[in-house]
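The residues making up each chain are set out below.
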Amino acid sequence: MSNYSLSVSATIEPSATASELGTFLERLHGWVVTVDHKRLGILYILYSTFFLLIAGAEALLIRLQLAYPHNHVLSAQVYNRFFTMHGTTMVFLVGMPFLFGFANYIVPLQIGARDMAFPRLNAFSFWLTAFGGLLLYYSFLGGAGLYGVGNAPDVGWFAYAPLTERSFSPGHATDYWALALIVSGFGTLGTAINIIATVISMRCKGMTLMRMPLFTWLLLIVSMLTLVTITPLTAAQFMLLIDRYLGGHFFDTQAGGSSLIWIHFFWIFGHPEVYVLVLPAFAIANEIIPVFSRKAIFGYPAMVSASVAIMFVSLGVWAHHMFTVGMTSVSNAFFTLSTMMVGVPTGIKIFNWIATLWGGRIRFTTPMLFCIGFLFQFLISGLTGIMLSVSPWDWQLHNSYFVIAHFHYVLVGAIVFCIFAAIYYWYPKATGRLMDETLGRWHFWLFVIGFHITFDTMHFLGLLGMPRSIYTYQPDRGWNLLNLVVSIGGLIQGIAVLIFAYNFIVSYWRGKVAGDDPWDAWTLEWATSSPPPVYNFEELPEVHSRRPLWDLKHPDDPDWEYES
Amino acid sequence: MSSVPINHPGHTIEWHLPSKRRVGMSALITGESAIFTIFVAAYVFYMGKSLTGPTPQQILEVPIVGTICLLLSSLAIYRAEKAIEEERMASFTLWLAATITLGAVFLIETTLEWKKLIYQDGLTISTNLFGTTFYSLVGLHATHVVVGLFLLSATFVFSLFGWVDSRQSERFGVIALYWHFVDAVWIVVFTVVYLIGR
Amino acid sequence: MQMAPTRLLIPIGGATACLLRTTTLLAQDRIPTTLAPVSTPAHLIFDLSIFVVAITGGIFLVVGGLLAITLLRFRARKTDPAGEPAQIYGSTQIELAWTVIPILIVVVLFLATSRIIFAIQDAPRPKAALDVSVIGHQFWWEFRYPKYGVVTANELHIPVSSDSEPEATFLKLTSADVNHSFWVPQLAGKTDLIANRVNSTWMDPQKPGLYLGQCAQFCGSQHALMLLRVYVDTPDQFAAWIKNQQQPARQDSEAATGRRVFETQACMNCHTIFGTAATGRFGPDLTHLMSRTTLASGAMDNTPANLREWIKSPDTFKRGALMPAMQLSDKQLDEVTAYLETLK
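Residue numbers (this note's numbering), protein chains in the order written: chain A, 1 to 564; chain B, 1 to 198; chain C, 1 to 344.
Quick caveat, the hints were computed from the structure, so don't treat them as lab data.
Please note: incorrect hints may appear among the correct ones.
List time: in silico DSS-like cross-link candidates among lysine-lysine, alpha-carbon distance up to 30 Å [what the hints assert, rightly or not]:
#, chain 1, residue 1, chain 2, residue 2
1, C, 243, C, 207
2, B, 20, B, 116
3, C, 243, C, 344
4, A, 553, A, 512
5, C, 243, C, 127
6, C, 312, C, 331
7, B, 20, A, 205
8, A, 553, C, 78
9, C, 172, C, 207
10, C, 172, B, 49
11, B, 20, B, 82
12, A, 512, C, 78
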């Protein structure tokens, strides 16, 4: 641990005394009206942690119902609402806010700026997203009320038309889905615009694009991708509402409308969306792996070009979710090829990370443990993704538990693992205290064991013919034991997350004091105090390489002499 | 006290970054273009597929006057941009008024066109696929025109009060960028709906 | 810290256990497994999948192994010298190599895959082929054999294909309402049923028997109980089945009261019984209801008690099914059940 600190932070007072902070109401008011990117980042992260626990509970109830065939924990209608809400919540109210929350907190610090480009838009976007989530969950109180899970959406998270048309979904469940996501979608759009403007227009002196930390690069790419990803969904949802309320016929098969264009529009959103979710995970790994290998990232320019390539190619693979709708053989072949191609820049990144570890001095701190889990699991999920890209095999595996296993391997095994890594890594910066390492290890090992018990097994359920979205299954199909095993793994993961939640909360008061730079890292956020003052840096820095703090700590061997 | 690296061979760095406002508006335009693309895609997909009801060939008339006005309004706003940059505020106010007027004429023509379509030809958003896709696409564009006119009118009122000068030229440039986008979208919509689709 | 071996053991151990269990399960024949194909499309897919697993498995062993070795070899040790290790920023040759090799692997995989795509999707239709139309409903399957004039529901009968008498069945698939998907893993990959659109698929099962499947596209509340039973018959069995299905409904004088209940209590509005006045199309054709082993697309066994309870209250078995509770009296229920029991 380095005791080197820049004089930029030497004159900062760590924290004011309680009486100076004001009354509880004054402090609450400060949080509600804040436009400070750090506070908004924390609000996003707290918001998504809250929904992570809720959607996790929904998942546990789903697994409880499926632990035995013909179980009666949840009725069909309630189950259908729960799996819809689980998916919708995890993607829109957990994944996106977590990742944009980290972006909000870290990007301005990493580029040496005082705040985001548009602080008020930042606050507005957060509250829009928050309201969207509130609206979505308000649906639980509609309809029959909390008995029968109210009017929560029950059409699956991809809400295929014509199931969502008025004739097949007469209540308001689908409306909650569409409206809540339209509203939070505008919030997401606002944040994306903000990140782009911040990264392009507010970098500190000397920080060319090719000297930005990879975390910031990837969040720039994610934000650009978001602009053309979330908007097709918003458009399709407007069309759905026009059908439901203005008598439109976009997806009305009785009037010649087509279910297929909903499917196209949804996946034109849906596929790039998963890259919007996974690229920030790469961003996090790009920061943590070098620091705990004690080496610079291997092949920075390639990492940038691979990410840009992913951004473009990911826009051309969407119909690999549609191999079974009856496209021509040529279309199926095209999307098979494009999907396999997008695996190339993605796979290369794994090699770059291994090369970064190679020759290093690897420290197995909790954030690093989660990143290592990420590496193995992302490798496996990339390979099952290749399996799914083989369209004839996909004709068997599509909509089966193999697909659920694959995408949870990415969403949990890669993204959630990286989110945990990021929390353990940057928590000291945001709060000034380290999270407990022992509890972190318990969290990691329980979570990894539970994860593999659940999701490794799940692949076989898919191979044995079990489709998704079913509230129960027949006892004579050979799925009983495997389902029970999957459910048990879920419980273990739940326990792990509770340990994490305890650590997260208690460390705020009892964690070891972290100091400016507890990990001996090299990017600008570690050059200021923990937590940073509201204006981030007393003087805006000037940089000459990709690792400004490495240059400071190693003046005899600075990075700028080696970077291409 | 210094910030990061001290011993770099000293040369002052020329450091110019693009304007954050322009970048932000360009990003917004990119997102909006994606929304319009989806509505255009739906329009094109459903061309000729209505099961009933009036077809474009039967009832659509090319809105020539409105289109010319909208295109001219882009020219007018360009002159207004030049005026505010050079602090010719009277000229600015005039060109701004011209832009608003031309935009308003476009909206009026759209209104009259829709009045005819609804009451004379019996085409509503629920009549058939053509009605649904037509009103959605053209309506989405018209909404953006309304928003643009609102922004321009607010600027016009401010300039009447004398509160606008060349220091706001970048901000006005951003509004102009939006207005040019609205115009460009109309070129696409016009071509697809009134030229190709008929 | 000995982490890496443990990290590998967990997935490997888990996978092996599941595989063992799976192979024992395969000994039974009620599993809708993708791993025991009996029809050409399913065979082609299975063989391709083995090839893909070989390649991806190889990649996993190489890359995963490299990762594990790296973590072991370069872990921080107390005996490490002070300071930082050598900083290596990149290597153009290495990075070029590990870009080119994956591209080559992709090319190989793609070529292998395309061959199978065209082999299955664009397979030429043989002269001796059976045509069946499949129409998806919430939450049951309608099957029509246009050449034979047969209409039935939920349980599909198709002929077996042998070397001496090759026989393929070509299915045309569409939906009467929302999206569904026809999936019987041992026979073929799944194909979706979409309203306003006719998809097609084919199968040529080489072993007679019963094959299970179910709807594989979420279609509403009872998607889970939209099950499929496909009986692959020998030529004799198939001919006999067709002959029976072509007959109009049996007229049993003892069941006349029940038949009248059926005709007067609005059952005719939804159901067809061929040869009677009942020509409703919303619900399944009941002409040969007793030739099926299950009711309500596999939700329960076809027994008199189940049938009576289904008519009395469909919610008992399949809450959300679109058949309403018919509000019949006990006497009417007994009579109509007795009538339906005669429809062999």
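We went through each hint and held it up to the structure:
With a C-alpha separation of about 22 Å, the suggested pair residue 243(C) and residue 207(C) falls inside the 30 Å cut-off, and the hint holds. Between the alpha carbons of residue 20(B) and residue 116(B) the distance comes to roughly 44 Å, so the proposed pair goes past 30 Å and is violated. Pair hint residue 243(C) plus residue 344(C) holds up; C-alpha atoms about 12 Å apart against a cutoff of 30 Å. For the proposed pair residue 553(A) and residue 512(A), the alpha carbon gap of about 24 Å is at most 30 Å, so the pair holds.
Of the pairs offered as hints, the one joining residue 243(C) and residue 127(C) holds, with about 22 Å between alpha carbons and a cut-off of 30 Å not exceeded. With a C-alpha separation of about 11 Å, the suggested pair residue 312(C) and residue 331(C) falls inside the 30 Å cut-off, and the hint holds. Distance restraint check for residue 20(B) and residue 205(A): the Cα-Cα separation of roughly 16 Å lies within the 30 Å cut-off, and the hinted pair is therefore satisfied. Restraint check for residue 553(A) and residue 78(C): satisfied, since their Cα atoms lie roughly 22 Å apart, inside the 30 Å limit.
Taking the CA atoms of residue 172(C) and residue 207(C), the gap is near 22 Å; set against the 30 Å cutoff, the hint holds. Of the pairs offered as hints, the one joining residue 172(C) and residue 49(B) holds, with about 23 Å between alpha carbons and a cut-off of 30 Å not exceeded. A C-alpha spacing of about 20 Å is found between residue 20(B) and residue 82(B), which places the hinted pair at or below 30 Å, so the restraint holds. With a C-alpha separation of about 23 Å, the suggested pairing of residue 512(A) with residue 78(C) holds against the 30 Å cut-off.
In this structure, only the earlier hint numbered 2 is contradicted, and the remaining ones agree with it.
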